[in-house]
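Residue numbers (full-length UniProt numbering), protein chains in the order written: chain A, 1 to 450; chain B, 1 to 450.
I should point out that these hints are in silico values taken from the structure, not numbers from a laboratory.
In this text, all values refer to a predicted model and were calculated from it rather than measured experimentally.
Errors might be hidden in some of the hints.
The list cannot tell twin chains apart, which means a pair is met if one copy fits it or any two copies do.
Mimicking DSS-like on lysine-lysine, the simulated pairs with C-alpha atoms at most 30 Å apart in a straight line are [to be verified]:
no.	residue 1	residue 2
1	170	322
2	388	293
3	170	403
4	403	174
5	403	120
6	174	161
7	120	170
8	388	423
9	449	423
10	120	174
11	423	385
12	388	403
Protein chains: 2
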Amino acid sequence: MALSTANSLSPSLSSKLKSKPSDCSVRFRSTNWIALRPSPFSSPSSTELRRSTVSSSSANRVISMIRASAAPVIDQSVSEANSRAPTIVEVDLGDRSYPIYIGSGLLDQPDLLQRHIHGKRVLVVTNETVGPLYLGRVTDALTRGNPNVSVESVILPDGEKYKDMDTLMKVFDKAIESRLDRRCTFVALGGGVIGDMCGFAAAAFLRGVNFIQIPTTVMAQVDSSVGGKTGINHPLGKNLIGAFYQPQCVLIDTDTLNTLPDRELASGLAEVVKYGLIRDAEFFEWQEKNMPKLMARDPSALAYAIKRSCENKAEVVSLDEKESGLRATLNLGHTFGHAIETGVGYGRWLHGEAVAAGMVMAVDMSYRLGWIDDSIVRRVHDILKEAKLPTAPPEIMTVEMFKSVMAVDKKVADGLLRLILLKGPLGNCVFTGDYDRNALDDTLRAFCKS
Amino acid sequence: MALSTANSLSPSLSSKLKSKPSDCSVRFRSTNWIALRPSPFSSPSSTELRRSTVSSSSANRVISMIRASAAPVIDQSVSEANSRAPTIVEVDLGDRSYPIYIGSGLLDQPDLLQRHIHGKRVLVVTNETVGPLYLGRVTDALTRGNPNVSVESVILPDGEKYKDMDTLMKVFDKAIESRLDRRCTFVALGGGVIGDMCGFAAAAFLRGVNFIQIPTTVMAQVDSSVGGKTGINHPLGKNLIGAFYQPQCVLIDTDTLNTLPDRELASGLAEVVKYGLIRDAEFFEWQEKNMPKLMARDPSALAYAIKRSCENKAEVVSLDEKESGLRATLNLGHTFGHAIETGVGYGRWLHGEAVAAGMVMAVDMSYRLGWIDDSIVRRVHDILKEAKLPTAPPEIMTVEMFKSVMAVDKKVADGLLRLILLKGPLGNCVFTGDYDRNALDDTLRAFCKS
Ligand SMILES: NC(=O)c1ccc[n+]([C@@H]2O[C@H](COP(=O)([O-])OP(=O)(O)OC[C@H]3O[C@@H](n4cnc5c(N)ncnc54)[C@H](O)[C@@H]3O)[C@@H](O)[C@H]2O)c1
Ligand SMILES: NC(=O)c1ccc[n+]([C@@H]2O[C@H](COP(=O)([O-])OP(=O)(O)OC[C@H]3O[C@@H](n4cnc5c(N)ncnc54)[C@H](O)[C@@H]3O)[C@@H](O)[C@H]2O)c1
Ligand SMILES: [Zn+2]
Ligand SMILES: [Zn+2]
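For reference, chain A alone in the conformation it holds in the complex:
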C-alpha cells in the first residue's frame, strides 16, 4: 500500500517527526524546560480557586526560557537574519501541546513558522486592516527558502460585526475554491476576531485541518490566541457557535503592536489586569507600577506583560481545557461585559472596554457580598483609570438589558447563573452560583439608571 507511515500518525505526532532533530522546537520539547502541572492549590475540584501558583514562592513552577545566545539553538541561516531568540511559553495539553513564541522581529524568522506548516498549502486568513500591514511579510516568512509551499489568502472585512456565519463561509469558499486538502494549514493573522474565526474554520474544514495563530493585538496576544477557544457570534449572543481547537503554535511578534490604535492597546490591557485579579497578585502589583510604561508601549514592559499573561492562561488551560471549572475564572467581568457588548451592539464598545466595566461590576458585587475589602475595589478602579479604560457600563444599559442577556450566558447551568467573583486577598476568586441574589440586583441597580 502506498500510504506512507507518516500518514498513519496523528497530525501532532507527524509534526514532531517533521521537525528536524536539530531545530530548537525539538530541543525544547525533548528537554521539557517548561512544565505546567496541576498544583494542589488550583485543582478545579477543590472548593475554592486559590491564588496563582505563578506568583511569589512558586514562580519557578512555570519557567519560560529566554535564550541568551541564539548560536547553539537557532538554525544558522536564521541567526544571521535575526539574532533575537524568542521567549517560549509551552501550553501543556498532552499530544496537543504547542509553543507560544514571543519576541520582537519574529515575523522575520521564517523557520519558526515553517516548522509548523503541514503539507504544502497554506491559507492565511486576515482582514482589510491587518492584511495591508503584514500579509506580505507573513507570506515571505512562509515561503522564503521553501518554494514548495504555496500561500493563498482571504481578506475578510474588519470588525466584530463580521464575526458571523456569512463571513465564516467566505473562508470555506476560498479554501474549497483553492482545492485545499486535509494536509493544508490555516494561518490566522490579526486580532481576536480573525483568530476566533480562522480557528473555527480550521476546526470545521474537512472536519479539522492544522492552524497557526499570529495574533496582532494585545487582546489576541495575551488571551484569545492561547487556549483553543474558537467561534463566531449569533445575532442573539457572542461566541455561541464554535469549537475547542488547538493551534500548532502561536507566534507573537511584539513589533506588530506598533501599528495598533491606542484604544485597542488599552482594551487588551483589561485582560492583563484580569490575570492579576484572578490568580496572580504579584503580577497585579507589577502592573500597578508599570502601567504608564505599558501605555507608552515600552517594548520590554509589553513583552513581559504578554509573557506573564500567556503563562497564566497556559496554566489554566492546561489544567482545564474544556472549561469544567477553573477555566471559567478567565471570564472575570465577562458576563457583565458580554451584556454590555450585546446591549450597545457588537463592535461599539471594544471587548476589553466592556470587560473592564464588567470587572468593576464583579468587584462591586464581591464587595457587597463581603468577600473582599474596599482596598481591592479602589485598586481595580485606579488601575483601569490609569489604562484609560471604562469603570462603569454605558448609560443606555438597563437592569433588564443585563438580565436578559445574562440569562443566555454559556455559564448558566440548569438555569442557574454562575459568576466569577473575587473572594479573599488580592489574587483569589471563585466561580459560583451560590451567592445572595440581592447583591447581584444591588450591583445592577447601582450601575444602571433604570
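With the hints as your guide, set chain B with the ligands onto chain A.
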C-alpha cells in the same frame, strides 16, 4: 465555592456517575463484555489493510451481547413495558466510548434514552417526514416518569439539499431562542442527513453539548450514526464542513424501518454490502444468501445485518477515529459516488445508490489493475442487482465531471488522489495513491459516454 464536584468532571465521567449503579449501562461498562481492540492485522500503519478480524476464526474478538432474559439486567419498570432487551455493540473510544442499542420496540423503553440525558433540557432535531411519525413517541420516551425533563424540537425541511449552513442555523436559532445551556442534550431523530446535521450542531453549539443518535433509515442505522463523523455540505462538495464528534449513545429501533420507502431501504443496503467487501467476507457470503430476506424486511435478517454492520464500523472507528488510514476504507465506492451525487445534483440519486455505482467502478478498476479476479467483479454486480441498486453511473456523467469533483475529494493529500480498491481474496482492500493512472482513466471511460 458552590461549584459542585460533578460540574468539575468531564461530561462523560459525570454521565457515568449519573447512571444509577444498578442500571445495565453501568453493568455493561464495568464488565467489559464488548471489547474492540487493535489487532496486528488491522493496524493502520501496516502496509496493507488485511481482512477483517471479525470474520471466521477471529469472530470472537467482537462480541455482541444478546441478552437472553431481561430480568436481572433491565430495570423492573422497563421489563414490564417491554420484554425485548436490546443487542448492544460498544464503540470503544476510551473516555468517549458509547453503546449502540439495537432492537425492536426500543423507542418504548424510556430508560435507554433517559440514562444518557444530561441536564434537564433536550432538543430533538428531526424533519417534516420523520417528525410526524416518531417525534411523539420519542418525546414520550424522554419524559415518561421524568417530569423534570423538558423537550423542545426543531423540524427541518426534508432532503439532502437542506444539509446546508442555512438549515443548520435553524438548529442554533432554536437552541438559543429556547435558552438551552451547556448541559442540554441534542437528539437526532431521522436518517443520515438529520444525524450529520444535528451532530455538527451539537459539536458547535456553545463549543459542544451532548447528543444522542436515533437513526431511522438503514443507511443511518448501519453507517452514519456510528463513528462521530458529522457535518454539512458546501455548494462545491459534500460533507466539507463538520467535526468529529461522538454521541452519548445510538438507539436503533428496527421497527422504524417499517415506514421506510423501498428505495431508501436498498440505498442503506449498499453500505452493508460495503462492509462485506472491505473486511468481512463471511458477512458478504451471508448477504448473498439472505438478500431476498433483507429486501422483504425480514426483521431478524435486518437486525442481524445492522448488528454485524455496526460491529464492523465500530471496530474500524475504534482503531482509527480520525481517519489516518484504516477508517478511509469505509469509503469504498464513495469517491466515485460523491462525484455522481454532485454531478446529478444532491438528492436525485440517493447516497447508497451512488455508492453502489461507485463500488462497481472501484471494483472494475481493481480488476483492471490485476488486483482481484473476475469472480469478485461478478459477485458484486449480482448482489447489487439483487438489492435493486444501480451498477453504473447515470448517463449524464462524463469523465470530466468525475475528474473535477474527485480533485476536491477529502482523500486527496498533497494533490494525490488516494482510492479504496479491492486487492486479494474477497474481504481485502487497500487505501492507496499508488496505482496506474491509466486504470483510473480506463474505468472512467468505460462507464462514461464522453
Ligand atoms: N478565543 C478566546 O479565548 C478569546 C478571548 C478573548 C477575546 N476573544 C475575542 O476576540 C475578539 C476581540 O479581539 P481584538 O480585541 O483583537 O479585536 P479585533 O480582532 O477586532 O482587532 C481590533 C482592531 O485592531 C485591528 N488590528 C489588529 N491588529 C492590528 C495591528 N497590528 N495594527 C493595527 N490594527 C490592528 C483590527 O483590524 C481591528 O480593527 C472578540 O471577538 C472576542 O470575543 C476571544
Ligand atoms: N456521518 C457518516 O459517517 C455518514 C455515513 C454515511 C452517510 N452519511 C450521510 O447520510 C446521508 C444519507 O442518509 P440517509 O440515506 O439516511 O438519508 P436521509 O436522512 O435523507 O433519509 C432518507 C429519507 O428517508 C426519510 N426517512 C427517514 N427515516 C424514515 C422512516 N423511518 N420512515 C420513513 N421515512 C423515513 C427521510 O425523511 C428522507 O426523506 C447523506 O447526507 C450522507 O452524506 C453520513
Ligand atoms: Zn475576554
Ligand atoms: Zn456512505
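- Query: Which of the numbered hints above does this structure break?
  - Reply: No hint contradicted; all consistent.
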